[in-house]
Structures are given as C-alpha cells and as structure tokens.
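**Student:** One-letter residues, chain by chain:
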Amino acid sequence: MEHTQNTPELEKLPLGPDDFSPATASEKESLVIMRESVNFWADGLRRLRKNKIAMVSLFFILLIVIFAYILPSFWPYTYDQQIKYSENLSAFEYGKTELQRIEAGESVFPHICGTDKLGRDFAVRLMMATRVSLTVGIICSICVLVIGATYGAVAGFTGGLVDDIMMRFTDILYTIPDILLIILLSITLKPRIISLAETPGFEWMQKVGANLIAMFIVFALLYWVGMARITRSQVLVLKESEYVTAARALGAGSGRIIRKHLLTNCIGTLIVTTTLQIPAAIFTESYLSFLGLGVSAPMPSLGSLATDAVKGMNTYPHLLLLPAILISVTILVFNLFGDGLRDAFDPKLKN
Amino acid sequence: MGKYIVKRIAMGILSVFIVATLTFFLMNLVPGGPFVAEKSISKAAQEALEAKFGLDKPLLQRYTTYMTDFLQGDMGFSLRQRGRTVSDIIFSKFPVSARLAGIAVVVALCVGIPLGCVSAYNRGKLPDNFIIVLGTCGIAIPSFISSVLLLYTFGSWLQLLPTMGLNDAASYIMPVTALAIYPTAYITRLMRSSLLDVMGQDYIRTAKAMGLSSFMTLFKHALRNALLPVIAYVGPMLASLMTGSFVVEKIFTIPGLGREFVSSITNRDYTMIMGTTIILAALVIAANVLVDILYKVIDPRIKLK
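Chains A and B, in that order, are what the protein sequence lines are.
Quick note on my numbering: the first sequence kicks off at 98 and runs consecutively.
Quick note on my numbering: the second sequence kicks off at 685 and runs consecutively.
Wrong hints could be hidden among the right ones.
[What the hints assert, rightly or not] Estimated spans, in silico, between C-beta atoms of each pair:
#1 T705/B <-> N136/A: 31 to 39 Å
#2 V153/A <-> P779/B: 27 to 35 Å
#3 W138/A <-> G895/B: 48 to 56 Å
#4 W172/A <-> W841/B: 29 to 37 Å
#5 R356/A <-> G808/B: 37 to 45 Å
#6 I239/A <-> N712/B: 57 to 65 Å
#7 I364/A <-> Q730/B: 53 to 61 Å
Hints in this document: simulated from the structure, not taken from any laboratory.
C-beta atoms are modelled at their ideal positions from N, C-alpha and C, and glycine is treated no differently.
Chain A on its own, in the form it takes in the complex:
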C-alpha cells in the first residue's frame, strides 16, 4: 500500500538525466568536509597564541633576552670598567671629570641607572647580571633535560629489575634536601674547575667562565631527578602503544625506539618541564649568589648585585631595588610562559 502511495510523489521531483551523470572534480571537492590535518606543533602554537598571559610573558622574555644579550654590545660602558670620580652616582648624574668633558663640548653617555661604589655603570652591570642568570638558567635546564630524559626513558623502557634499581636511586636522591648538597658541591667544585681551566687543553673553559661551568654541573647533578621521573611515567604509558609494537616487529632496536618513538611522543611534556626548570635554576642561582657562593666577582649576577647593595640600601636603594625587581620579573614571566606552554602542548598536565 505504502509503496504505491510514494511513487507518484517521486515522479513530481524535478529530476532530469543530468542528475544521474558522474560528479565532476569540483563537485567532489565541495563534498569533502574534512579540514586539512593540523600537526602537533601548529595545534599547540594556535592554542598558545590565544593565551594572552603567555603571549605577554613571551614579549617580556624577548625584552629580557635583548636586554641581556644584545644591548651590552652597543652600550658605551663595560661591566668591569671603573670610571674615576664617578662613584655612587644616582640616575642621570655625571661625575666630576664627566662634567668637565661635557663643558668641553664632548657628549657623555648618561648613566641611566647610576653607578656603583667602584664607579661602574650600573645599567650595563644589570644587563650582564641578567645575562649570567639567564645563561645559568637555560644551560642548566638543557643539562637537566638531557640527563633526566635519557635516564627516565631508559628506566621506563627497560622495566623490571633495572627500572626498580634506577628508580630507587632517584627516590633516595629525591629525599635529600637539595640545597645542602648544592651549597657543598658548589664550594667543592668551583676551585677545582677554576684550576682545571688553567691547565692547557681546557682554556676554552675560561672563556665561558669556570665558576659558571661549576654551577652548570652542580645543577645538572641534582635537578635531573624530577625530569627523569616525569619521562619515565610517560614512557611507561607510551611503550604499550601499537606503534612501538609495530616498530619492534619491523626489527627496530631499543635505542631507536626510545629516540624515534618514545621521546618524540613525550616532547610536549619535556619542553614544558624544561621551561619551568629555567626559573627554578635562576631562583637557586640568585639564592646561592646571595649567600656568596654563586658566580664570583667581577662577574655580576642578579643575586650578587642584590647582596652587594644590601649594606648601602638606606643611601642607594635603587642599587637594591633594580636587581630585586629584575629577578622577580624574570622568574615570574618564565613561570607564566611555562604554564602557558603546558596548557598549549600538554593539557593533560594541567592539574
């Protein structure tokens, strides 16, 4: 019954023979509703770009990087240059000889942040200090990344007894109060590396600064534990996935699987953890410098600039406030940017 009722309606539809011819290429294309596939990086970057706080912090990070690495080479003063009769100037003040030079028609670059008690331009010292602190932060984080990721990946991938032993070792290292060992290690290593830098074959160390290298080693030796734990937990999950089985079936060795499949797949987590390690390292470096155990004179670091200024803080508060603010702002923007990166590349880590 129903069948006979439907047929006349079908006949009323405005269909011609054209409607039954094969579709043209353009018609086929219009039917594809799938978007172009977005890869991991593009997706993460898109989310990152939407995050206002992260973008503002990125802008500040760029400013700090320019301030620390580029500006000093254009600055007319150097960080260890002592200008006679220009000691303890406040901002935009000139020393006795500088005033004479100005009267003689010369142009003298102003000390926009004043000078310290040895007559060194404070602005350029701030820049160099920021450079030292940033370098320590970045290189330490990279060392931590390399050691931690390798250790964690090997432990997680091998599993069994090896994993047990390796993780027990990190457990013990984790319970040790790190600051005690950092202080001890830094005073132990520093003189040794400084004397090592004087032996032939190691002169390149002096260029980098022997005490900076000591700092890198100390941090790398202690802070990789967190990174190793995170990598291991990721690898434990990832190694069960099908593509690892597939790779193994195709004859890939453990090293290749770790490098090509496991580490590349937890790269989001690794980047986020490394970025968040930078402010932590800057924090500890400035803390050590404050106790007088960090980077040694005449090289400034933000912590040591603050320490030097504590004694005269009633008369020259700006010498204290500027490095203090700079440390806090640097740590803050790196933390905020790291949080933004985490939300963009590793949403699972959010809580």
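Based on the hints, put chain B in the right spot on chain A.
**Tutor:** Structure of chain B alone, referenced to chain A:
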C-alpha cells in the same frame, strides 16, 4: 602496611647515611682547612691543632671514626668555636630556627588554605583572579628578595619594626612573613586546584542534588579530600622553609641553625658542617617519610606498594 612503614623508614635512614657520607667527602675536597685562615698561628701550632682534632689521619680512617662516634651520639667538638661541642651548639641554636619555621608553617597553612578555598569557591570571578595574581607573584619572589625588601620598607624607611634579632613579638613579623610568602602562595595554588578537582567529583554532585547548600558541600565533603595534597606538601614545605631560613637568618641577624650552617662552611669547620647537615637533612627526610606514611593512612584509595 607495617611492611610499607618499615621499608619507608629504612629508605629514610639510608638517605641520611648517604647525605652524611657525601658531605664528609665533599667537604674534605674543599681546599683550605679550618686552621689555614688564621694567619696568627705558626705552622707548628697549626699542625698541632690538626693532630689534636685528628685531621692528620687518612681520610677513610677519619670517616669511620666520625661515623662510629656519631652513632654513639658524639658529634665532636667544633673546630672554630673553641671548647664547645657540636651538639651543644646545635641544641642552643635549633629552638630559634624551629620556632621561626613553626610559626611560618602555621601562618602558611592558616592563610593559604582559606585563600585557596575562596579562590576555588569564586572560580573565574574577581576574587579568584586577584588571588591567582597574588599567588603567582608570591611564587616568583625569592625569600631573600622579599626579606630585603621588607627590611628596607618597614625597617629603615618607615622604621616600624625592629631590623635584627628575635627579642620581642614585633621582631618576629618580618622574618616570618619573608619565610611564609613562598609556602603560602604554593598552598593557595595547590588548595585551589585540588578543590576544583574534587568539586567536579560525582559525590559532590550527589550532595548538591540532595539539597545541601554549596557552602555546606564545600565544608562537609569537598574540603576533607581536597586537603590531601596540602598534607603531602608539608615535607617539601619544611625543606623550602629551611632553605629560606639560611638567608632570612642572615639578613635579619637571627642566631639560628641556618646561619650556623652557612658560616661553618665558610669557616671550614668540618665537625660543625657534618653536624648541621646531618641534623637538617634528617629533619627534612623524617618529615617526608612521616607525611608519606600519614598520607597512606588517611587516604585509603592509595594502593600500597
């Protein structure tokens, strides 16, 4: 459970032992000795002093002697503070640091937990945003910066508070504030995120569906579970207070254990370095072990390994 506790305590003791061993060999690698800095004494006197304290013996022998003495409760004499035993110095300085840290813990918990609750309760609104900004800043400012800034503002500029020592109640305000800023900010963030996490659970929805006010659900049901991560943070908090106390004690000239530790390192006072390191490390490790065990007792959801 008993097995877990025993295992955890054994690992804690092993950690203390490793710290002690590492410290012993590390400090002996440091160039210079406790008596080198004194120019006034002659070479012979210096050697006599070293012989008196057994510093002329081989390193390994000194290590075993120290460890056996330590296990019998003898931490030796201080090399620089003549005539005083290490345990004597530690017991006289420790209460000062402990009181400071204890007050800071209480302040951090009493301020951090409510702030975190308020923040989570008003999620996305003005108070929440305000607290988040405060918390983020609090985490970014190192304790030495905050203590120096406090010292400058209230000590020498406004001259409201005493700048050194711990003589009356007012002199506690600045050091405690400087110490408590970081843990407070951290607890606030922790409390907020864990409370938000718990508030999304089914049993909270059930409680709300049964007609409980959102305030009551927060207090009666959510808070208890949300407090767990805060408890877990107590161990690391002690460690962070300890590191904070090194500089805070230095800046506010407080005669505490942290200052003693830093000065013993610069003085190469070997026995003092060992004593303070072991005591401080043991404290932090013990707190961590205790928190771990407590955590398992409180939260039955955590599987025992």
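**Student:** Each hint needs a verdict: does it hold in this structure or not?
**Tutor:** Do the hints match the structure? See the list:
| no. | hint | verdict |
| --- | --- | --- |
| 1 | T705/B <-> N136/A: 31 to 39 Å | violated, 50 Å |
| 2 | V153/A <-> P779/B: 27 to 35 Å | violated, 46 Å |
| 3 | W138/A <-> G895/B: 48 to 56 Å | holds, 49 Å |
| 4 | W172/A <-> W841/B: 29 to 37 Å | holds, 31 Å |
| 5 | R356/A <-> G808/B: 37 to 45 Å | holds, 43 Å |
| 6 | I239/A <-> N712/B: 57 to 65 Å | violated, 31 Å |
| 7 | I364/A <-> Q730/B: 53 to 61 Å | holds, 57 Å |
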